[in-house]
Each structure stands twice: as structure tokens, then as C-alpha cells.
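**Q** Below, each chain spelled out in residue letters.
4 protein chains.
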Amino acid sequence: MCQDAMCRGGWAKYLLRSLATVFVVLAPLNTGASAQSSPDIKALIEDLVAANRILYRQGVVDGFGHVSARHPARPDRFLMSAAKAPGRVTAEDIMEFDLDGKAIDGRDRPTYSERFIHSEVYKARPDVNAVIHSHSPTVIPFSVTQVPMRAVHNTASFLAAGVPVFEMRKAAGITNNLVDDAARGKALAETLGDRPVALLRGHGNVVVGPDVRRTVSRAIYTEVNARMLLQAVTLGGPITYIDPEENKLIESGRGTRVTGHSVDRTWQMWLEEASRPVGEPAK
Amino acid sequence: MCQDAMCRGGWAKYLLRSLATVFVVLAPLNTGASAQSSPDIKALIEDLVAANRILYRQGVVDGFGHVSARHPARPDRFLMSAAKAPGRVTAEDIMEFDLDGKAIDGRDRPTYSERFIHSEVYKARPDVNAVIHSHSPTVIPFSVTQVPMRAVHNTASFLAAGVPVFEMRKAAGITNNLVDDAARGKALAETLGDRPVALLRGHGNVVVGPDVRRTVSRAIYTEVNARMLLQAVTLGGPITYIDPEENKLIESGRGTRVTGHSVDRTWQMWLEEASRPVGEPAK
Amino acid sequence: MCQDAMCRGGWAKYLLRSLATVFVVLAPLNTGASAQSSPDIKALIEDLVAANRILYRQGVVDGFGHVSARHPARPDRFLMSAAKAPGRVTAEDIMEFDLDGKAIDGRDRPTYSERFIHSEVYKARPDVNAVIHSHSPTVIPFSVTQVPMRAVHNTASFLAAGVPVFEMRKAAGITNNLVDDAARGKALAETLGDRPVALLRGHGNVVVGPDVRRTVSRAIYTEVNARMLLQAVTLGGPITYIDPEENKLIESGRGTRVTGHSVDRTWQMWLEEASRPVGEPAK
Amino acid sequence: MCQDAMCRGGWAKYLLRSLATVFVVLAPLNTGASAQSSPDIKALIEDLVAANRILYRQGVVDGFGHVSARHPARPDRFLMSAAKAPGRVTAEDIMEFDLDGKAIDGRDRPTYSERFIHSEVYKARPDVNAVIHSHSPTVIPFSVTQVPMRAVHNTASFLAAGVPVFEMRKAAGITNNLVDDAARGKALAETLGDRPVALLRGHGNVVVGPDVRRTVSRAIYTEVNARMLLQAVTLGGPITYIDPEENKLIESGRGTRVTGHSVDRTWQMWLEEASRPVGEPAK
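Residue numbers (numbering that gives the first Met the number 0), protein chains in the order written: chain A, 0 to 282; chain B, 0 to 282; chain C, 0 to 282; chain D, 0 to 282.
Just chain A, with the same shape it has in the complex:
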């Protein structure tokens, strides 16, 4: 018989429940949002929740920042979390928005005031299916100086297309420096043009791509490249950048999802990291 308090689960239950809370962070991925029941949507929501947690774990977002995905069946809508720290987002938090940034089924949930970054980029860029806004820490110094963000590392070769800086003062004068209406979102989308990344002066960046996983990879390696470029500037003298033609050849190898290669390789790793019981975002 099992009469011992430990066996019956006194302390053990408490402990295991506490641990379980940490370990099941990705379990809610399976629940889906009530009104979104197709297999495609469920998989997309899983990726979107994972993206939130991965970006936090890898130090790209802190309590602020957000990531969205275009609705696979309705290109005039996108999915994004209710207003919440990305590292705490679960499937229940994922909401649907139209391209005016209006929540389809708000149910009084708070929404990110800067959702217009997403809605306006989706309007302007039919090729884009995922958008990330972050305060990526080493990216911001490039937004407040005259040193252009350029690609120095293969894994961030996509920056070779050029990284414009959005200056809110030019678009809207003295403001709260937040992209919290459609006009500002539109001006930002215009600055972004057809590129994968733009910086927001004194604020952060916007990163776009063809799907959630590749956009997450771009956001992470934009931060990695920023650290390397900062260090290269510190060393001084001429810097050899990734050539735009080199980038075309590098990017062509990233177009498909092949098991064990490119984005698939890193996504599985980041996913594991994000579900481990550790509280620290990577540096």
C-alpha cells in the first residue's frame, strides 16, 4: 500500500504541478482558437504561438513586440495575439484582424496599439505572409545613428537588399513615436518597400517574410548580424559586406522546407529551447 505522504503526492503534487506549468507551455498550442477549426489554421496558430515564445527566448522581443501571420484562407485577414508579452502568449490569445486592424471577434480582449504595422504591410505586400515587430536590442543603435545596417554574415544575407530607417518625424511630426494608426502604418510600409527589414528610429524594426518560420529566422539573424556589425565597426577600417549577388544565391537555397536544412534545422532547435524550463532569453 502506498500510505506515505510523498507517494500520495503532498509535496510531490505541488512540485509536479509547478514543474508541469513550466513544461506544458507549448501544450496549449494544440487547443486552437474556437472559431478556427481547419487543420491549416491549427498548424499556423501552433507556429504563431511558438514564434512568440521563440522570439522571446532568443532575445529579439522582451515584454514588447508582436508577430502575425496572414490568414491562409482569407488574405484580407491576419492572425495575431491579444495584447500580451510575447513570451506568455498561448493559442487562446490568438485573434483575427481585418486589414484595417479591426478585431473580428474581439470579446473585450486588449489589442496591440501598433497592429497597424501589420495591417498596412499585408495591404502593401501580397508576397508577405508573416510580420514581426520588435525592439531587437542591438538593432536600435543603428536606427539612431547614421551607420547603415548591412549584411556581414551569410545567415543575414537578406539584409544586403538594404535596410531603410523609418523616421516618424518625417511621416507625422512630433508624436508618441508609435505606429498606432493606419496612416503611420502606411508610411512605414512605404519606407519598407519591397525589402525584408526596416528599422524604426529609436523604436525597433519590422521584419517580413513568406511564412512564419522564415520570418522568425530573419528576425533572429538580423539581431545576430547587428552584433557582428557593431563589433566590426569597433575593430575599424574597411568592412567587407555580403554582396547583393551573393545574397541572391544564398537566398535561393532557403526557398524550400527541406528536413535538416536551413530554416527547418534552426526552427526545431529554437522550439526545443523555447519549451525548456529556463527563464532566460538567449543573448
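One or more of the hints may lead you astray.
What the hints assert, rightly or not - List time: in silico DSSO-like cross-link candidates among lysine-lysine, alpha-carbon distance up to 27 Å: (1) C:Lys247 to D:Lys169; (2) D:Lys185 to B:Lys185; (3) D:Lys122 to D:Lys101; (4) D:Lys41 to D:Lys122; (5) C:Lys122 to C:Lys247; (6) D:Lys185 to C:Lys247; (7) A:Lys122 to A:Lys247; (8) A:Lys185 to A:Lys169; (9) B:Lys122 to B:Lys247; (10) B:Lys247 to A:Lys185; (11) A:Lys169 to B:Lys247; (12) C:Lys41 to C:Lys122; (13) A:Lys122 to A:Lys169; (14) D:Lys247 to B:Lys169; (15) A:Lys247 to C:Lys169; (16) A:Lys247 to C:Lys247.
Note that these hints are calculated values from the structure, not bench results.
With the hints as your guide, set chains B, C and D onto chain A.
**A** Showing chains B, C and D alone in chain A's frame:
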């Protein structure tokens, strides 16, 4: 029957108790200090203990530094931990002090020698309800050079009001460089003036605000901004700072506690981080 | 009787399995690859899997990078993981390759496209029994500037032999900047010459050595030395490097595996770190 | 009855044992070394083992570095671990040495080749009861440049006494740059003079003090100060250092062990950190 040592809980009990110790770090938040039984005080002590642990976990304080809150019912008193490393503070450690820095019910507990930073700021600033003193690591280099700490990032826009540096030598000559009496505390409060942050040369900073949570947020983003500004200086050339007028508009959006926004969003995240079983302060 | 859900293992089983996954990361080391049953090979595969996890944990590799070992019985073959993030490699992933980079028993497993770094170095360097390719983060800034990587610290004295930079453009013009064929691998091996380390411009480095453990140590201390040299350059003025003659004397003390000394001391520590339940690579 | 595999402890036992290994790291502190049975010695060995683990956890030592304490009853002897990574040292590893660096009861245990740093400092400095040698990472850049290490922060005010740099080439010509004999140890002790810290060019530092805890604190804050000074140099312009007279007043407050203050406050925190189940040294 359960005859196995493991089932009876030999090693397991030891282990589970060890783990439990780690997991229940925030449980003491519920105990309150004996003489302070009103619901308001209990909630404030919870926030104050959490603030200690959050500031440690986020790398703003190490073994030194302290955080206090003005007493909600008696504005001539404030609450602060007994002398202890902030990351180890529990509700039992919270003491009450008058504005001369005298403990109301000391019971031989050791007190921070620099409690006069708090008492004198509360005297000089009726608008202030929380005070943090830290050795915020990236802030200190700005205190020993002539480069002013200025706001480069939205989340630290409050620094646009200007960040004065307190030089103890001007106030009191050659000393131990500690604010360990009322006269030094008063001189520091004068240097601070009506601003949210002042640096102490070769020592750290003082950060003040309308409540505990917002002041914690200010202390954390002051450190974040210091890192970004240091990197911007490294990149070189003219730097675009957050304009004081931009700050006014940004700050106006932080005045209230709205679920999912601003300080509420980050506080919930920092609280989770501080209660996770990990020993590392974030960088 | 054990009727309780916890005792029967509902949540508990889930949790324990999750934890177990983390804890047994090094257990698969014992399984060996099916066709490789000699004790020597088993021990080598253990070291190789450990090397993958150690290099990840110490921040030398992220999702990319790979480590190989020359086959102890057949010097015209080498062992390396299938294409996978190094931090996730297990013994089952270890494959055998010939010196044309062809998998001996591929079984449709994906292979690293840059395996030619390994095959060509083994061809050119009979003294080399282990090869690491990484995107070692602080090493890359030295690859895109004119500042040579030189030894400033005892533990990286082997860099005193000189660290050449491989420029793909000189070897193959505008490419995807990947060493993904034999010709590029051969050109890289020529740049490396008889040295332990070469940088790949905008890409990473290659580190070689007489065995897995010593090569892992070299890769880790190359990154450590890069950080120190960057900081020395930041401080400015003349820098005192480790002299090549000093290096000869330092290296002579590393030639043997003595318990408690040199590589043995650090390997045991890195192994423990890599098997701890923590998700963070060290900085 | 408890017939379930989980209840009987299959996976659970494995897991719990693994966890236990992590949690009981400081348990061996209680075992003491066989021949050293006085209460004083036991307490000192506890501190010494804790010092090893703390210095690793705080990032002052990596796999290399060592810490010793003068024997409390026999000032011509000192205690130090056998050759082993500091983060893995237990009470069983602590050995006794005479001031010629000879092990009293070696039992074939490997010894640090640089134990002469310790023996010669104890000979030259009767006031010193603890010695630390480390490769403190941010300290080393100051050892290879002409920028003197100076105190910029209160907590490292002891550096205001001046920090000499030991150049092995001046003492012994071209060598392996290791202090592995008595003559080199003596030359280093002469460079150190009556100060608390000296740097070893391209190698690390030596830190001394009146007891283990205070010396650990000095080693940690020497690294912290090095980071701050490096950042101050990066900001540029004149730097205000801690004045030697300020240091005298600051140090006078550190002379005693008062609960909750100074070294006592940080030691308790570092001890907790070092016994937590986390693999990462702090940065």
C-alpha cells in the same frame, strides 16, 4: 505495497524539498508583515518583494541596491527590506521607516546604511511613491564620464527630462561615497530635482516614480537604454535622441494601469521570470 | 493501493518524460551506430556527440556548424552527424563519409552541404583527426575587417601560428559563400595550410586538431580570445600578443592527456555543463 | 499496492537521481578532509569549496583558475584543491601544501602546476589568508594593453591602490607564460607588493585578501569594475576614478563581518546562486 526507498521518499523527499524551496520563493509574498494587516498594505508588500526579485533577475541590482514604497496610509513613512541581497528578500524582511530613516519596529534587524536616499527623496518629492537605488551596471560608466545619459529608445523616453549626475565630492568632500546620512540624502534629492532618474558618480543611480511597478519599469529600461546608447556612441556620429516633446506624448500613455498594456504587460512577464527556478539575472 | 491519478502517473508521467528527455541527452551516447561496433569507434562516437552538444552549450555553434572525426581504423573516412542542429545530435545521427564527402550508408538521411570542408582538410592534413566548422560569433567580425586574429591569451596561444582568412570570391567568384563542393573545400584547405585555425570571410571559421577533445578546446578558446582581442582593440594602443615561441612552450604541455590537467580538466566540465537541464548556451 | 512502473520508480528514479546530483553539489561541503577534523578547518574547507563554485558561477574562473586559504593553525601551510575545474571541486579534493608548494599528503592526486602563485604570496604577505588566481575575462585585455586597471566603482574601490601588471618576459624571458616554479611565483609576489590585485600579462590575475569571503568578493568586483572601465573608455573623454582616500574610507567599512552588510550580504547570495540547478556562469 510501497517498500521501495524511492517510493518512501528518501532521496525523493530531499530532492522535492529542495525544488520546493526554489518554487515557493514567491509564496512568502502572501504572509505579510505582522503589524501591517490592511489589504492595501499586503498588496503593496507583495509588489515590493516582487520588485526586489525582479530587479535582481533583470540584472539591475546584484547583491546591493534597494527598493522602497511610500506607506499608502501614512505619507511620512516608507516600507523597505531589512539589509539583505534584493534577490533573497521575503515579506518578513519588509520594515517600516519614518522620513528620518529611523526604523519604526527594528527588532535588531540590520538596515541599509543608505536608507537616507529614500527618506530624503520622499521628503522632497510628494509625487513620488517608490524609490529604487541600484548599481545598474551599464549606467555607471555614464556616471564617471562626461557623456550625458540621454533617451534613445521609446521605452526609456522618461530620460528625455535630463539625467543629472550627483557628485558626492561637491556635496561632502572626500567620503566613503555612500549616501549614509540625511545631509547627503538631501543633497542627492536636490540634484535629482523633479526628474525620474539621477546618477551617483562611481556608484549607481536613483530612480523614482508614482508607484512600485512603474518605477521598476523605469529602472529596467534605464539600464536597457544605457546599453543602447553606449552602442550608439560606439557606432559614432550624430545620435538622434528621443525629443522631450515626444516623451510627453509617450509618457501620457503610461499613466494608467490597463490590462495588457504598458507596465501591466511587462510586470506580469517579469514576475513570471522572477519566480522561475533559474539562478541567472537576465542581461 | 495506488489509485491516485498522480501515483498512476497522469501528469507526472508526462512531466517526468519531458524532464527525462532533457536529462538523458547523453544517454544515447552509449547506443553507437549499428555498423560500428568496435570499442574505439563507440568511444569516438561518444566524444563526437558530446562535442556537438558542448560546442552548442558554449556558444561556439548555434543551429549551424558541424564537427567531425577521422575514422580511427580507416584514415580515408570520417564520422559526422547527419544534417541537424549540433545541440540536438545523438549517436544515431553519426554517419560515415569517404574523403569525397560521399556518405557510406546514407539511408536517405540529409547531409551537411558543407561536408567538403571536412573531407578536403582530412585529405590535405594527415596530422588532423578532428575538424570543426562554426559561425563562432565574435570570430566573424575579424573575418570581415583587416584586423588579424592574433593570440592575446595563453589558452588560445595556438593562434600565434597565424590565422589566415579564406575569401571565397578569390577562390570561386560570386557564390552562395558556402563550401559546398570539393573544389571550394580544397581551396579552403590550401588557405588553412598547416595551421590550426582559418577564418571564412563573412561566414565563420574552421578549427582542426589531433583529436576531438583538443579541437573542441581550440574552438572554444578561439571564441574566448576573439572577445578579449576585440576588447583590447577597444582599449586602444599597442597590444602585447602571445609570442610564437611562447606558444611552442605552452603547446608542448598540451600534447598528452593527463588527468586533471589541460584538455582533460575542461572537457569534464564542459561535458557536465552540456548535460545539465539548462537551455542556454554560455556566452 | 504500487505496481505501476512510475510508482516503483523506473524513470522517476533515474530522473530524481539525476536531479539530486545537481542539488546536492554543496552537500559534500560537510564531509571535510579526513585528516583535518577541527571545527575551524571544517568551516574553512566549506568556504573554500563554496569559493570555487561561486567563482565559477559568477564567471571569474572557467575550467582554469584556483583559490586557496592559509591554514588557520599552521601559517606555513595552505589549503587548495587538487587539479580540477573549480566548478567541480568538492571537500574531498582539498589538499594541504607547504610554502614550497609541496603537497603534504598527495596520494597521487594531480596538483595545479601554478601552485607557486599561492605559496610565494603566502611567504611574502603575512597579512594575506586567501589567494585567487583566475583568467577573469574582462581583466585580461587590460593586461595586454597600456590602459591601467583603475577603480571606477565603489565596490571595487580597493583597486585604487594601483594594479601592477606582471610581465613574465621581464622575470624569466620567453617561457610557457605559466607561474609553475618558485622563482616565477616570487617574482610575481614582488610585482604584487602590498596590493590586493595584480594582473598577469596575457594570462589573468591574482587577487589576495584577509579571508576567503572577502577575497572572493574582490575577485568578482575586479571583473565587474573591468567591464565598467572598458565601457567608460569606450564612451571616451576624462574618467573620474575612485580616489585612494575615498577607498580608505570605503574599505574601513568592510573590515568586519556584520550580518546583512558588505561581504556577508553578497556571500549568502552567491552561495545560493552556486547551489541552484543552473549550468550558466553569470556574465
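**Q** Going straight from one Cα to the other, do D:Lys247 and B:Lys169 come out at no more than 27 Å?
**A** holds (19 Å)
**Q** Holds or violated: are the alpha carbons of D:Lys122 and D:Lys101 at most 27 Å from each other?
**A** holds (14 Å)
**Q** Take a quick look at whether C:Lys41 and C:Lys122 sit within 27 Å of each other, Cα to Cα.
**A** holds (24 Å)
**Q** For the pair supplied as a hint, D:Lys41 and D:Lys122, is the alpha-carbon distance within the 27 Å limit?
**A** holds (24 Å)
**Q** Between the alpha carbons of A:Lys122 and A:Lys169, is the straight-line distance 27 Å or under?
**A** The given pair, whose Cα atoms are some 22 Å apart, holds under the 27 Å limit.
**Q** Can the restraint linking C:Lys122 and C:Lys247 be considered satisfied, given a maximum Cα separation of 27 Å?
**A** holds (25 Å)
**Q** Straight-line Cα separation of A:Lys247 and C:Lys169 no greater than 27 Å?
**A** This hinted pair holds, its Cα atoms lying about 19 Å apart.
**Q** Are A:Lys185 and A:Lys169 close enough, with their CA atoms no more than 27 Å apart?
**A** Distance of about 13 Å is within 27 Å: holds.
**Q** Check whether the Cα positions of A:Lys122 and A:Lys247 lie no farther apart than 27 Å.
**A** Status holds; Cα separation ~25 Å.
**Q** Please work out if D:Lys185 and B:Lys185 have their alpha carbons no farther apart than 27 Å.
**A** Roughly 50 Å between the alpha carbons, so the hint for D:Lys185 and B:Lys185 is violated.
**Q** Given the hint that B:Lys247 pairs with A:Lys185, test it: the Cα-Cα distance must not exceed 27 Å.
**A** Roughly 24 Å separates the two Cα atoms, so the pair holds.
**Q** Between the alpha carbons of B:Lys122 and B:Lys247, is the straight-line distance 27 Å or under?
**A** holds (25 Å)
Checked against the numbered hints given earlier, this structure breaks hints 2 and 16; the rest are met.
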